[in-house]
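Student: With these hints in hand, go ahead and build the complete structure from the sequences.
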Amino acid sequence: MERHQLRRHLKQEAEIDRMSSKNDAFGFETRAIHAGASPDPVTGARSTPIYQTTSYVFDDVDHAASLFNLQTFGYIYSRITNPTVAVLEERVANLEGGRGAVACASGHAAQLLAFFSLMEPGAEFVSSRNLYGGSITQFQHTFAKFDWHVHFVDPQEPENFRKALTPKCKAIFAEMLTNPTGIVIDLEAIARIAHEAGIPFIVDNTCASPYLCRPLEWGADIVVHSMTKFLSGHGTSMGGIVVESGKFDWGQNDKFPSMTQPDPAYHGLTFYETFGDFGYTMKTRAVALRDLGPSLAPLNAFLILTGIETLPLRMERHVANAGRVAEFLAGHPAVAWVAYAGLKSSPYHELARKYLPRGCGAVFTFGVKGGYEAGIKVVESVEILSHLANVGDTRSLILHPASTTHRQLSDEQRLAAGAGPDVIRLSIGLETADDLIRDLDQALAAATRKDRAAAE
Amino acid sequence: MSDPTDRENYSDGYILGILKECRIVAMVGASPNWVRPSYFAMKYLQTKGYRVIPVNPAAAGEEILGEKAYASLSDIPVKIDIVDIFRKSDAVPPIVDEAIAIGAKVVWMQLGVRHEGAAAKAEAAGLRVVMNRCMKIEFGRLSGELSWSGINSGVISSRRRKLIA
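Chains as they are written, first to last, in this note's numbering: chain A, 131 to 586; chain B, -14 to 150.
Hints may be right or wrong, so weigh each one.
Pairwise CB distance ranges (calculated) [stated by the list, open to error]: (1) B:Asn(-6) x A:Ser177: 31 to 41 Å; (2) B:Ala110 x A:Gly157: 36 to 46 Å; (3) B:Pro79 x A:Leu429: 55 to 65 Å; (4) B:Asp75 x A:Leu429: 44 to 54 Å; (5) B:Lys64 x A:Gly252: 50 to 60 Å; (6) B:Ser143 x A:Ala274: 32 to 42 Å; (7) A:Arg483 x B:Ser142: 46 to 56 Å; (8) A:Thr272 x B:Glu108: 25 to 35 Å; (9) A:Pro297 x B:Lys64: 53 to 63 Å.
Straight-line distance between alpha carbons at most 25 Å, and here's what the computed PhoX-like set of lysine-lysine pairs gives [claimed, not checked]: (10) A:Lys377 x A:Lys484; (11) B:Lys53 x B:Lys64; (12) A:Lys385 x B:Lys73; (13) A:Lys377 x B:Lys73; (14) B:Lys106 x B:Lys90; (15) B:Lys33 x B:Lys5.
In short, the hints are calculated from the structure, not lab data. Think of the CB as a built atom: it goes at the ideal place given N, C-alpha and C, for glycine as much as any other residue.
Tutor: Structure representation (structure tokens):
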């Protein structure tokens, strides 16, 4: 072998060795920083650049045709793919242990996209009734305009999902760490019921985040997020994402023609056959995202990526602070009850030990003595906690669901969703825990004092 | 639940070695129909510098993407590096026998295609084997192009990625 050939051979071998070592599993913290984000191949830029562009030049007409036909990988138009957004998609897919992901403008958009690739007019699905209020409305009223129909069940008993299934059902949906009630669902048992029916189990993992729980590891097939919350962590950017496990067999029955039959919306392409274990991701991008249009802005993708880099550290502190606040409230005379799965007294404590060993998140509810009026007084008396409709911010947030997020539901629905008149929802942030406790203490005192004054 | 997409556990280095070393691919089951997966893979691999020669008795003598199609591997007049199989799993053994006979270096079975017996036979004859993977997807995954579609490549690196071809 000539010397230059030998040198080239050795260099190639070294590169192959490096690639082999990359196959090893990396820790969550490493992946939260690096997954999807190798340095820019042209400039070497180490941070992910913000590709603030709508469109991308084609090499020639044939290249354009290959791109539009999905025969080659590449960028066409930022409604469908964007380099900054793609880094975020790979990052979250990696952290959830999934095969691929499609990011979009909000968590609500993620739910719409996730179902769009599964449902046909007249199709049904079974959902936990304990959801974010906006999701209940979206599923019940807005989805009905597509002729998609939901059956709501109490998620605390997994068999309830099975009992509600019909032959037209295409999926089971539930939130892990339900918002606002903090119910810990039995992921494995519900996944088994979905698989016995030949349908995928979709989990909204917004409140847990992949640091605390990875539903795909327990048998879920699709995970959706509002990235607006803990993933981004800073309350500056809306975003949603749909993550696919790559393990669901779409060809096991005839329930998913949009995956297994030639698609008239894509020149007769059969997505499952062509793209295999990321066929659902490709379908969701190339048809649902393309035609419904809720794309994620590149700047938002950049901001959310920056947030994810510190997700493990933030979640640890969120959990520690939430635990302190929950224990304080549990011992407070003006508080009727505290629903935080991290408390030993919680009925979900055992399930939490299994599914959430690193902690039960930072969103939970408590009941204030004095009902609706007292609840309103508490949220109007805080000085550090912010009265607003979001969760998963660095700032601590407080809300009275009955008068805000869950206002549009019936009384019965509100009670079922855990948003009764006395319920206050907290999302505990990263401030000094003692300051939060002092703030809640004075707000509870103010509410109780006024109550007493009104009674006299 | 059956799992049709359980990927065999090949290291990235093993796959990359094959993709770097081989240039001429015989694609068994290559289709002239432009919405078929084999057509997608052939078109993509051509743009990455591979010569792809279609093998398809029904299309023998016709051209697919500028390359003449042959009825069988042994009809191809040039030396083949990789035999890439787009056929059902039970059609694999005679194709592998032919691949060994023509001196191919690698037998590659596409997504969903697996045959343990044929794979063992090929390996015993000194060929490398990949089962249940797509050459296009693996090239895209290791070159970084697959990540453009939000797919998890599993690659973590602080070095600039270089395209393979």
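Student: Taking each numbered hint in turn, which are not upheld by the structure, reported in ascending numerical order?
Tutor: Hints 6, 7 and 8 contradicted; others consistent.
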